[in-house]
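Generate coordinates for the entire structure from the input sequences, incorporating the hints supplied.
Take a look at the letters that make up each chain.
2 protein chains.
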Amino acid sequence: MILPTLLRTTRRQISALSAVQHVREFSTPARNPALASWTEDDKTYFQQLLKPESVLTDADDTETYTVDWLKKYKAQSNHQMVLKPKTTEQVSAILKYCNERNLPVVPQGGNTGLVGGSVPVYDEVVLSTSSMNNVISFDEVSGILVCEAGCILENLDNHVAKHGYMMPLDLGAKGTCQIGGNVATNAGGLRLLRYGSLHGTVLGIEAVLADGTVIDCLSTMRKDNTGYDLKQLFIGSEGTLGVVTKVSILTPPRSSSKNVALLACEDFEACQKAFVEAKKHLGEVLSAVEFMDRQSLDMVLSQQDWTKDPLETPSTYYVLIETSGSNSDHDVEKLEAYLEDVMGSGVVVDGTVAQDEAQAQKLFLIREDITVALAARGLAPTDAKVVCYGHIGDCNVHLNISTLEYDDHVFSALEPFIFEWTSKYRGSISAEHGIGTHKPEYLHLSKSNNAIKLMQQMKHMMDPKGILNPYKVLPVAK
Amino acid sequence: MILPTLLRTTRRQISALSAVQHVREFSTPARNPALASWTEDDKTYFQQLLKPESVLTDADDTETYTVDWLKKYKAQSNHQMVLKPKTTEQVSAILKYCNERNLPVVPQGGNTGLVGGSVPVYDEVVLSTSSMNNVISFDEVSGILVCEAGCILENLDNHVAKHGYMMPLDLGAKGTCQIGGNVATNAGGLRLLRYGSLHGTVLGIEAVLADGTVIDCLSTMRKDNTGYDLKQLFIGSEGTLGVVTKVSILTPPRSSSKNVALLACEDFEACQKAFVEAKKHLGEVLSAVEFMDRQSLDMVLSQQDWTKDPLETPSTYYVLIETSGSNSDHDVEKLEAYLEDVMGSGVVVDGTVAQDEAQAQKLFLIREDITVALAARGLAPTDAKVVCYGHIGDCNVHLNISTLEYDDHVFSALEPFIFEWTSKYRGSISAEHGIGTHKPEYLHLSKSNNAIKLMQQMKHMMDPKGILNPYKVLPVAK
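Each protein sequence line maps, in turn, to chains A and B. So that you can map any letter, position 27 of the first sequence is 27 in UniProt numbering, and since no number is skipped, the others follow by simple counting. So that you can map any letter, position 416 of the second sequence is 416 in UniProt numbering, and since no number is skipped, the others follow by simple counting.
In short, the hints are calculated from the structure, not lab data. In this text, all values refer to a predicted model and were calculated from it rather than measured experimentally. Since no wrong hints were added, every one of them can be taken at face value.
On the chain A side, residues computed to face chain B include the following (Cβ under 10 Å):
hint: 1; residue: V141
hint: 2; residue: T220
hint: 3; residue: H330
hint: 4; residue: I452
Cβ coordinates follow ideal geometry from the N, Cα and C atoms, glycine included.
Here's what the structure looks like:
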């Protein structure tokens, strides 16, 4: 059995991920008695509205939609229904019907979330956007892509690559996650340092409100100051204010040149200096600045047999630098000048630059494999480990505590202590992964009471019956 | 008398600016009978709350606050009061009091807007943020600035420049406009092409609601997915949902190298090609792509004696390219390769590259002076002119119709025709300048009825008495 507990945190920001497989029972919020359960009549209605094959109720068919990919969050009921509409009109009709019937609905994209936001808590109807996966348009002059919510991120990246562009976001889950889910959860990922958050790159959204009203804000303009920017409401609200059905997004030109360097630093202050100098020297070509401590590297080296220590002498901390640009010679020259500076001043004590794409990928894979190594560690009979790694370029570093088995004592020592400690320094209890069902009760540690009250008012205004993704994001209003 | 009519439009986006000075009476929205007028008792209350010198009521003192800088929008009353609080607590106390008394309030920054959003329509109380102008913090590692709303943009840019950073936005009005007003109007400006909109670069906001509630979302993190992103509500809502009191913003590293080139194209398709090729060749160093037609250039040449035709042979269209980077040699090399390509292929038929900063500024000044030249043109006895220029890099090109005197016949032929035509192509009736008092009745041409209804619901929820910046942005709910 694999029984690790992973906790990711930092003084500035924290993302908590507790990967317990079929072991720990998470506390489930009380069922809202005002919400109904779907009946055979409802099923018949949906079969007539959609095609019969777009309505799934057999356990074999619904299973992958009702548990998250870490198998941590699982619907507390065997009475499940998944709807797979193909058009905005169908989404609208489904929601209108569900709202009238008080039927709760869970909007779902690729179901790659980590906080239980995309699976039912009880027997909410799953509205999957998987069958809404058409690219609507791509403008080669502006680089603006318009597509349906169910398009898979990697497919979109491949689509715009043909025209010399790239998606402004990239995630480990890119082969499965959908752009609608990315937008609904405000996914961050590897390109955020360079291209910013979806609040800036998403230009338009079409969304359907709880009562079926279609809000068409599918602008394809970089500038449009006409009234309140409603699309922002749906970015990061985790499907609780509306279902995103279409997205318009600005894609940047694809970089033709990429370089990766792994640098060793003796203390954390030196890592910060290495980052600041990277911004100065590499400026416009800097595309990623990642961080890991020796424990993280050891974890990968001890678990993954494909790699060996990339530097000769062990160091306390490591910084991974990536550049992306349009001219390889220029980028290498900038990188060399940077390395000369930081190694000359002693900020960096050792380092290696990837000589080709395979080496570059391998260096990045060490960073990416830390999570996998942590999760696999339960198999080996070793002690508890505290490791730290993450996106130092976004001021977002993860602290992980890994134990061999899930241990209530350790867990209760960590949560909510780690959230409270983060809150004291005005950090975020969820930098990247959202709130879902995991953290509504801790939201007050990152947001003020006035802010939470305003969120609850917005939720009540836009979804007065509370049918959209119930039990998620917001604490129950007092 | 200076009597031009300027209309800026494009197939994609439109910003209308009608610079008529003391001439045309704009239709004024009907006064809301539920709103009160301030009395001597109110004045006494505010004098006790603030210092007496922070409460202005003499006409000489209030005049600059009650008319916009183009002198197009002027309060329809001589009964004016301006409050200049110094703290968030004072803003909160003012709004709480005004809300209880049904006193309408106009939040005002630098008062550099163009659509009448920052001046009273009748005798609303002006809440000026001018006295809230402290920088709170700047983090040299992350480049994150936190400051009060009344800080002047140029001062902030100078402040962060000392640390090697720059503000992510730049406007012609930078010496007067305030960051709070920039945020409240979602100001675009010259750096948007490279650094994106304020929806992406603003990381946090503190704002005060109509009833005095302080919403503290002053995050200093690039990533914070904890609940709805409330700060987005205030960005671009023109002071109708709350008063922005503090801002946290991400500043990019300052570029040490800058180059400017003016290119001539024979048709608009060639201009578009020049833009697309610029993105490919100049990629990460491209910082501005501006456009003007021959008529625009002629207008500047005929009005401004400081310049002469920058290219030997006249052409139909011109594209102005700016690069900003961290390595001058690299940038020049990239620019040369780009010019070789576009001139070799005939996309560009002529061009000049600025040899020093003075030449670069002069080339940009031609573009910037088009507006001034249009406004000054009424002085010369020439015919009506149709000119086109603007931010082609943001897909935002302005069409201007200039007449010698304000002419009702011409005006009524242009408005609302030009808005309706833009709407037909899903353009924006206000790309940059907002809605203010000028365009609420045309909002439906850019936003659907469902979207406007949702905006009205939000306004009603957050400001049920309608005291915040009344008569602005939204049409009267039906």
